[in-house]
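Each residue of the sequence shown is one higher than the last, beginning at 1 in the numbering used here.
Hint data in this document are derived by calculation from the structure and do not stem from the laboratory.
Yeah, the Cβ is synthetic: ideal placement off N, Cα and C, and Gly gets one too.
Be aware that one or more of the hints could be misleading.
Said to hold, decoys possible - Label pairs and their computed distance ranges (CB to CB): (1) Trp86 <-> Pro36: 40 to 46 angstroms; (2) Ala34 <-> Ala104: 27 to 33 angstroms; (3) Met126 <-> Arg70: 32 to 38 angstroms; (4) Arg70 <-> Ala34: 23 to 29 angstroms.
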Amino acid sequence: MARAWRNLYVFLMVAWFGVMVYYTFILTPTLTRAFPGDFGTIVATLFPGYFRLGEVLGLVAALAAFMEFRNQRRQPGGPDAPGAGWRLAAGLMALALVIVNREAVLPAAHAARGTAAFGPLHGISMAINLATAALALFGGAGGLLAPAASRPGRIAGTNRP
């Protein structure tokens, strides 16, 4: 079962990373060029949903990592889950960052539109978003590159019981 939880975690973290790359490097620059006068209004409409999607993906990924970690701890001598703790930590940190961005930074930036305070808040939001993307990439890649969990009753790295 640990493998299924890991696979779900990897899928969610990689999907989340893909959404962040699309919004950050494709959608936002395209909207800036296509609608320079309306860009702020469009982004103010889109970004709460973007961050909410990140919260959902991050929460389910963190839950999957927790279940993998829990299964590993509850089955002494059962299948191991290499790196499960690191995946759980990456998922929880990414989730915390996206929650801070949506619940604290985004409302403050929205309230500061048109003032000198908006620039620094936008920079903070971008930095948090990039850190979240790095954690999603780290978590997804870490899950893909970690050795497969060994089957119960087998010696890891061998075909011997």
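The hints, checked one at a time:
For the pair tryptophan 86 and proline 36, the supplied restraint of 40 to 46 angstroms holds, since their beta-carbon distance comes to about 43 angstroms. For the pair alanine 34 and alanine 104, the supplied restraint of 27 to 33 angstroms holds, since their beta-carbon distance comes to about 30 angstroms. One distance hint, 32 to 38 angstroms for the beta-carbon pair methionine 126 and arginine 70, holds here, with the actual separation near 35 angstroms. Between arginine 70 and alanine 34 the beta carbon distance is about 47 angstroms. The supplied range of 23 to 29 angstroms is therefore violated.
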